[in-house]
Amino acid sequence: MEYNINGRTYTYIADIKDNTPVRLSFDQLSNSTFHLSFEPWYQDGYWDHTCIPYVLLDSDTVVANATVNILPVRWQEQQQNWLQLGTVMTHPDYRRQGLSRWLMNKILEEWQGKYDTMMLFANKRVPDFYPKFGFAPAAEYQYITRQLLPQPAKVRQLDMDNAADRELLLQKYAQTNPFAALTVTGNPGLLMFYCTRFYKTNVYYLEEWDVVAIIEQEEGTLTCHDIFGNTSQSLHRILSALTDNNTRQVNLGFTPGATTGFTMQPLKDDDLTLFVLDKKENVFATHQLMMPTLSHT
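full-length UniProt numbering applies: residue 1 is where the sequence shown begins, and numbers increase by one.
Be aware that a few hints might be false.
As the list claims (entries may be wrong) - No more than 20 Å apart at the CA atoms, straight line, and that leaves these computed lysine to aspartate or glutamate pairs for DMTMM-like:
1. K268 to E216
2. K124 to D271
3. K17 to D27
4. K279 to D244
5. K280 to D269
6. K114 to D278
7. K280 to D116
Said to hold, decoys possible - Pair ranges (Cβ atoms, derived):
8. Q151 to R197: 28 to 34 Å
9. Q265 to Y12: 41 to 47 Å
10. G257 to D116: 17 to 23 Å
11. P127 to V155: 40 to 46 Å
12. V126 to E2: 24 to 30 Å
13. G113 to Y12: 19 to 25 Å
14. R95 to G257: 20 to 26 Å
15. A163 to N230: 41 to 47 Å
By construction, these hints were calculated from the structure, which means they are not laboratory data.
Values in this document were obtained by computation on a predicted structure and should not be read as measured data.
Don't be surprised by glycine CBs; every beta carbon is placed ideally from N, CA and C.
Could you put the whole structure together from the sequences, leaning on the hints where they help?
Structure follows, in structure tokens:
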């Protein structure tokens, strides 16, 4: 469909996944804006219905985009439908012409009444843009522990180039994180976006307890981004199996349901701020939470 925006005609298209010329033009804009390519993810078959770019084209070139990411979320044992906006971007030659504002209004109009929570992460360069649409900054809190000692366990690094190991990860993901108060439960495409690229060498299988963990070790700090699988084992025991003698602190990338043994602290990010649409439920205003790190889009 064509729309006139500030005296110029643009073509508007939503859900471009299977429109190859438009998808590739979108990918080129994403590459130039964020140094981020979605095309390998698409070719691997992990781009599904939960990732919906809304684009404006000038002729056959994508010049602006805002993506809706559908996040099925389990919060306090209740299933909810959350939306996260991401890859909001405009080609440099088309900025300050109201394109991002037009797309934001279009998305808010089309999704009205169809979600429980809408949120996004914004960098420090646009602190005043999203409040114009009703979004308010929200504090996040992270849980850490320094009380763990390494304990033996059989831990195997999964090979994300191996089809069987990828399938094992997806099977465990379908069982969700049993320790999290807030967790994304039905977006395997987003999980694989992370685990086949940024955390390709960070996926581990703990055979004794049949769980998968995505972890990072850096300068004595272990970050456990997520754990998936059905288990009766405690979170602290699993984390102890993932530490080594150099680990001085463990940071969780999710909010635990049981906080005994953890210290809570404000999450500090010098670049990104969580914004939540105030017109709907805002659990971050009434609870000390963080969005799971593997759910960021």
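Going down the list of hints, with the structure as the test:
1. For the given pair, K268 sits about 18 Å from E216 by alpha-carbon distance, which is consistent with the 20 Å threshold.
2. Taking the CA atoms of K124 and D271, the gap is near 6 Å; set against the 20 Å cutoff, the hint holds.
3. Between K17 and D27 the alpha-carbon distance is near 11 Å, which keeps this suggested pair within the 20 Å criterion.
4. Note on K279 and D244: the hinted pairing is violated, with a Cα-Cα distance of about 45 Å set against a maximum of 20 Å.
5. As the CA atoms of K280 and D269 are separated by approximately 25 Å, the hinted pair breaks the 20 Å bound.
6. With a C-alpha separation of about 15 Å, the suggested pairing of K114 with D278 holds against the 20 Å cut-off.
7. In summary, the hint linking K280 to D116 is supported, as the alpha carbons are separated by about 7 Å, within the 20 Å threshold.
8. Take Q151 and R197: their Cβ atoms lie about 31 Å apart, and the range 28 to 34 Å holds.
9. Judged by the Cβ atoms, the range 41 to 47 Å given for Q265 and Y12 holds: they are separated by roughly 43 Å.
10. Take G257 and D116: their Cβ atoms lie about 19 Å apart, and the range 17 to 23 Å holds.
11. The hint said 40 to 46 Å for the Cβ distance between P127 and V155, and at roughly 42 Å that hint holds.
12. In this structure the hint that V126 and E2 lie 24 to 30 Å apart at CB holds, the actual value being about 27 Å.
13. A C-beta distance of roughly 21 Å is found between G113 and Y12, which places it inside the suggested range of 19 to 25 Å.
14. Between R95 and G257 the beta carbon distance is about 43 Å. The supplied range of 20 to 26 Å is therefore violated.
15. Checked against the hint of 41 to 47 Å, the C-beta distance between A163 and N230 comes to roughly 23 Å, which is inconsistent with it.
The structure fails hints 4, 5, 14 and 15 (numbered hints given earlier, in ascending order).
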